[in-house]
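Protein chains in written order, with our numbering: chain A, 260 to 584; chain B, 260 to 584; chain C, 6 to 330; chain D, 6 to 330.
Check before you lean on any hint, since a few could be wrong.
Unchecked claim - List time: in silico DSS-like cross-link candidates among lysine-lysine, alpha-carbon distance up to 25 angstroms:
#1 C:Lys138 to D:Lys189
#2 B:Lys369 to D:Lys189
#3 B:Lys502 to A:Lys576
#4 C:Lys38 to A:Lys369
#5 B:Lys294 to C:Lys189
#6 B:Lys369 to A:Lys502
#7 D:Lys138 to C:Lys189
#8 A:Lys294 to D:Lys189
No lab work stands behind these hints: they were computed from the structure.
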Amino acid sequence: MPEMNLRDAVSMGLREALDADDRVFILGEDIGEFKGPYAVTNGFLEQYGAERIIDSPISEAAMVGAGIGSALGGLRPIIEIMTINFMLLAMDQVVNHAAKLRYMSNGQIKVPMVIRTVTGGGGQLGATHSQSLEVWFATVPGLTVVAPSDPYDALGLIRSSIEDDDPVIFAEHALLYRIKGEVPDRHYTVPLGMAKVKRHGTDITLVAYSRMVHVALEAAEVLAERGVDAEVVDLRTLRPLDKETVVDSVRRTGKAVVVEEFWRTGGLAAEVASTIQEEAFDYLDGPVGRVGGVEVPAPYNGTLEAAALPNAARVVKYIEDLYGI
Amino acid sequence: MPEMNLRDAVSMGLREALDADDRVFILGEDIGEFKGPYAVTNGFLEQYGAERIIDSPISEAAMVGAGIGSALGGLRPIIEIMTINFMLLAMDQVVNHAAKLRYMSNGQIKVPMVIRTVTGGGGQLGATHSQSLEVWFATVPGLTVVAPSDPYDALGLIRSSIEDDDPVIFAEHALLYRIKGEVPDRHYTVPLGMAKVKRHGTDITLVAYSRMVHVALEAAEVLAERGVDAEVVDLRTLRPLDKETVVDSVRRTGKAVVVEEFWRTGGLAAEVASTIQEEAFDYLDGPVGRVGGVEVPAPYNGTLEAAALPNAARVVKYIEDLYGI
Amino acid sequence: MDLDYAQASAFYEQMLLIRRFEEQSGRLYMAGKIRGFLHLYIGQEAVAVGAMSALRSDDYIITHYRDHGHALARGMDPNIVMAELLGKATGSSGGKGGSMHLFDVSRGLMGGHAIVGAHLPIAVGLALSAKYKGEDRIAVCFFGDGAVNQGEFHEALNMASLWELPVLFFLENNLYGMGTHVEKAHAGGRDIFHGADAYRMPALQVDGMDIVDVREGTMRAVERIRSQGGPVLLEAMTYRFVGHSVQDPEAYRDSAEVDEYRERDPLVTFKDRCMKQGLISEDEAARIEDSVNDAVAEATRFAEESQEPSPESLYDNVIDASSTE
Amino acid sequence: MDLDYAQASAFYEQMLLIRRFEEQSGRLYMAGKIRGFLHLYIGQEAVAVGAMSALRSDDYIITHYRDHGHALARGMDPNIVMAELLGKATGSSGGKGGSMHLFDVSRGLMGGHAIVGAHLPIAVGLALSAKYKGEDRIAVCFFGDGAVNQGEFHEALNMASLWELPVLFFLENNLYGMGTHVEKAHAGGRDIFHGADAYRMPALQVDGMDIVDVREGTMRAVERIRSQGGPVLLEAMTYRFVGHSVQDPEAYRDSAEVDEYRERDPLVTFKDRCMKQGLISEDEAARIEDSVNDAVAEATRFAEESQEPSPESLYDNVIDASSTE
Ligand SMILES: Cc1ncc(C[n+]2csc(CCOP(=O)(O)OP(=O)(O)O)c2C)c(N)n1
Ligand SMILES: Cc1ncc(C[n+]2csc(CCOP(=O)(O)OP(=O)(O)O)c2C)c(N)n1
Ligand SMILES: [Mg+2]
Ligand SMILES: [Mg+2]
């Protein structure tokens with residue numbers, strides 16, 4: 260199987276959609292002449308033209324609104340919001356419109372739109388540019404929220420997201436674009452709403468998504484050296500949550516720690532942990548643990564920022580303290 | 260002690276602040292000539308004048324931004340956002356600016372601003388006008404989030420919120436304005452960050468805030484008839500969370516159910532439930548339960564909307580199923 | 006005024022239908038059969054009827070929450086509209102949308118939107134889809150003077166002009182946004198259409214109390230859009246004879262102003278002119294009065310006798326084929 | 006050009022300081038000592054220096070992320086600025102803000118803001134506080150051509166004009182927002198200042214490559230604001246000689262255009278004029294070059310030798326006296 264990085268996997272999925280369906284177009288800031296802020300759409304303008312690769316003014320609210328309208332008009336828009344932090348300017352369009360129009364019209368209309376955006380911290384971009392707001396979208400009925408951790412899932416999930424008839428928030432982690440992985444030549448998709456066990460283990464379940472999956476896998480290696488065999492579940496889709504895969508794993512291991520980049524209080528880990536103890540209480544050897552971001556705006560300084568984010572060492576230490584292993 | 264309703268309690272707190280401190284002013288839509296969308300500022304324009312009771316254009320983002328700027332300039336703004344749903348248009352100002360400027364300037368500036376807004380469903384206002392988004396703000400470092408359930412707390416908390424030197428989101432439930440309660444003549448405050456036991460009990464702890472406190476109290480009465488003595492904890496402040504009061508209660512009762520209006524997935528109940536099982540795992544007789552809003556945009560039809568919101572009967576039934584009591 | 010008999014009668018009948026329908030809606034609200042927010046179109050009838058008469062059946066219509074007039078003028082069945090206002094299963098959204106969210110995709114009516122200013126970008130997207138597909142249909146977006154101060158107004162007009170999209174921005178300037186007079190909210194003053202220059206967008210103003218002027222102005226605007234492609238801003242100066250919503254004490258305006266405009270009642274003046282010119286006879290006027298009264302009575306009967314939505318419908322149309330817990 | 010010797014030297018020295026400081030910042034970024042985003046002001050020096058020379062020390066300054074020039078021109082210590090760029094404890098925000106978030110409240114510099122367009126409403130609030138308190142200081146808000154298409158630009162200009170607030174909206178039109186040319190983003194075209202008419206706001210345009218023209222235009226604008234109260238929009242036509250941020254391949258513009266503008270380098274042209282007119286001598290020019298080089302070398306040394314922030318500082322200044330877990 261050919262290796263490719265996550266950026267190329269997403270690009271490939273976008274090109275396929277543009278090639279296969281004239282109704283698909285991409286609207287975003289600097290995706291054309293600038294060749295994409297993260298180079299995902301590099302070369303697209305030249306290949307598909309300015310009608311389908313639309314450079315937008317800096318107007319996030321109207322970008323999403325125009326995406327919604329074009330979807331109501333029968334198109335299949337892909338809206339690129341440069342980073343998820345800027346979604347704060349389009350929140351009303353996403354939450355009050357994209358997510359609710361099907362319901363408020365009782366199915367007369369639907370919004371087959373994908374919003375691609377870049378999430379996460381760790382790049383020393385400071386407090387306003389380092390958030391993981393996909394967690395909020397994962398609470399909104401009417402939205403589907405996806406956050407892949409590797410190229411295989413990224414391609415499989417972008418395919419499913421574009422095919423989906425409802426709004427999907429597709430969050431790509433800025434620090435994962437260069438990560439490499441094998442991607443089959445044969446066509447495949449990764450269905451929305453399905454988590455995946457990325458490492459099999461018997462002693463403890465680590466649940467994560469996006470970049471934190473790699474932190475969890477790293478932690479699992481350290482634990483392995485100590486004879487603790489950790490299972491790592493990659494949620495992949497944050498809404499709808501694949502409770503089954505998570506709960507099945509915990510029923511087998513009896514221990515669970517959820518790792519996420521979002522601030523610890525009120526993050527997705529709280530939902531996952533609550534669900535686990537609701538559905539597997541009698542299987543638990545102890546409380547379900549959570550490792551999340553420190554409760555501060557992201558600092559610019561690299562050492563401070565690193566201290567604010569979960570890493571393998573913090574996860575392992577936390578597990579020691581929690582379970583004494 | 261005199262009785263007053265929650266609307267008058269908030270009004271009274273606002274008048275006190277306007278009387279006591281010239282730096283305090285109120286900016287909002289239709290708070291003056293219209294006399295307040297929910298009549299909280301009825302008569303204010305006449306008494307305090309147009310310099311201090313400012314009717315705003317419909318520009319939520321700029322309203323909050325102007326509030327922030329005026330706070331940087333040494334004023335003590337109170338911004339009224341007609342309902343919390345419209346905060347979606349001001350999200351960037353609240354989350355990226357109000358909440359982060361103190362940190363990004365390393366304390367050179369602060370934002371002593373109160374954003375008063377109306378939250379909650381149950382009024383048949385439809386999907387875009389019935390949300391409980393205070394839950395999201397409760398995840399943001401730099402913000403304090405308050406949601407009173409009765410006149411006493413409303414007055415005590417609005418006083419503390421206005422005195423506070425950092426941004427406070429003050430969420431008033433639309434269906435609680437008419438609720439009456441005793442309010443002492445002597446000056447008092449309710450400190451931010453402190454929950455309160457609103458009903459003492461020994462068998463199970465019900466945790467809630469705002470309107471759901473009344474649902475929990477109602478459920479407690481039904482349970483009492485069955486010989487189940489429930490304790491009801493009113494969070495009052497959603498951020499910072501008063502974990503101690505909640506956990507202490509659960510350590511005594513061994514059972515806990517969190518009730519909230521927000522959609523069940525990813526709500527504040529998830530945070531509270533996770534925290535309880537983390538800090539009181541060995542005291543629990545079973546999983547911590549959650550009763551939240553049904554995972555749909557709010558429907559207009561009254562019967563459907565009621566079916567989507569927690570009520571005493573649903574809470575009691577849930578407790579039966581969960582704990583067999 | 007070059008109208009033939011049929012047109013004169015039809016226009017008068019449509020305006021009268023809206024007037025009587027709204028009067029009845031107000032009564033049903035007072036009777037507690039309509040709940041939530043109810044915004045009546047009384048006084049503005051000439052705008053919707055005049056505008057729709059100049060549009061094609063394949064054009065898109067999108068409007069705000071004050072939408073009954075647009076829906077009826079576009080030919081939506083009064084029974085279905087009234088049933089939606091009463092929250093019945095037979096309503097256009099099965100009772101889930103309510104008064105503020107009327108959709109009839111078969112007539113290109115893409116809603117009914119309750120967030121001020123937010124549907125303008127959606128109209129831009131509808132127009133984008135038309136241009137993208139090479140259709141010559143246009144998108145007509147009705148909104149009020151209060152919406153002009155929302156950032157999305159600016160973003161939407163800029164995009165539409167920049168990309169030369171076929172949008173008719175149809176501003177109904179009734180001088181007030183809730184209780185705030187246009188001159189206290191808009192720095193550009195009462196005559197908003199001048200603001201279009203900033204976007205190099207052609208604009209015109211018509212007398213919204215005169216259906217013929219509205220119709221002719223709309224024809225000019227539409228003709229320009231279809232022939233040259235770009236958007237147009239059309240401002241109709243109008244007035245609502247009743248409160249912003251059904252429970253508005255109208256403290257912000259004196260009755261003298263209301264009376265003055267009632268002198269120019271668009272129905273009365275149009276009817277008088279038609280009669281003077283022999284376009285409508287006494288008998289015809291009487292026939293129209295009867296048929297309109299019958300239609301409103303029938304709509305009321307239909308709505309009241311219709312079934313409540315089924316409990317299961319609560320879960321329908323959140324996302325495709327989804328039924329969330 | 007009626008400048009005296011002292012002014013001529015001072016202006017040249019300030020511009021050269023910015024130029025050399027930015028060149029050094031670029032080098033330190035390449036060396037990995039500055040991280041995250043770095044936006045250089047090279048080419049625009051005449052704007053910040055000319056503007057600041059016309060302001061009072063008690064005026065408020067607020068700007069966007071391309072803020073080094075404004076900070077240095079306002080008299081901020083280069084050591085403190087460079088230390089912030091390197092994320093050191095001695096930096097203006099103790100290393101927590103970084104390049105995009107420079108604050109110096111002692112000089113009225115209220116930041117460095119990284120969300121395009123979001124600081125305009127904050128400037129409105131600063132001006133509101135000044136007017137509210139009866140101070141005659143003004144708020145000067147620097148922003149770029151790309152920010153003009155954000156809804157908050159519209160909301161802020163409307164509010165400032167409506168309430169006659171002392172704001173100088175200072176637009177630095179360098180023709181590009183990242184890789185998007187102003188004419189591809191703004192329907193109003195290249196000369197944006199005309200748009201102020203929509204708000205009944207006076208506006209003027211100056212040559213941003215000519216410090217004297219900038220200075221005189223700013224004086225006129227400030228004089229008008231202080232005497233008449235309301236806001237003014239000032240557009241300085243300028244150009245950045247380097248990429249949007251340090252890693253910008255500049256695919257969107259051809260080097261010929263860059264060369265053409267470099268011909269009009271504001272430092273070179275000003276120096277030449279001053280020398281021709283005998284305002285700056287060869288020796289003086291040499292002295293300035295030396296002192297600027299020393300200052301930049303010293304700033305670099307200071308920054309590199311400064312301490313990293315303490316680990317505890319991560320928790321400081323989230324909210325007053327708070328240290329969250
Ligand atoms: C974003 C937002 N802010 C506030 C409101 C509350 N609100 C509903 S209608 C309205 C006034 C709108 O006035 P206008 O646009 O002139 O329309 P009109 O009601 O006069 O037809 C306001 C403030 C809202 N629905 N959405
Ligand atoms: C809301 C938002 N959208 C997008 C960005 C990404 N971004 C940073 S700077 C920039 C271009 C701004 O251009 P302009 O306002 O002209 O300022 P200049 O960089 O030219 O000085 C963009 C799109 C952002 N920071 N904030
Ligand atoms: Mg109006
Ligand atoms: Mg620019």
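Self-check item: Enumerated hints in conflict with the structure, sorted upward
Solution: Hints 2, 4, 6 are the ones this structure does not satisfy, whereas the remaining hints hold.
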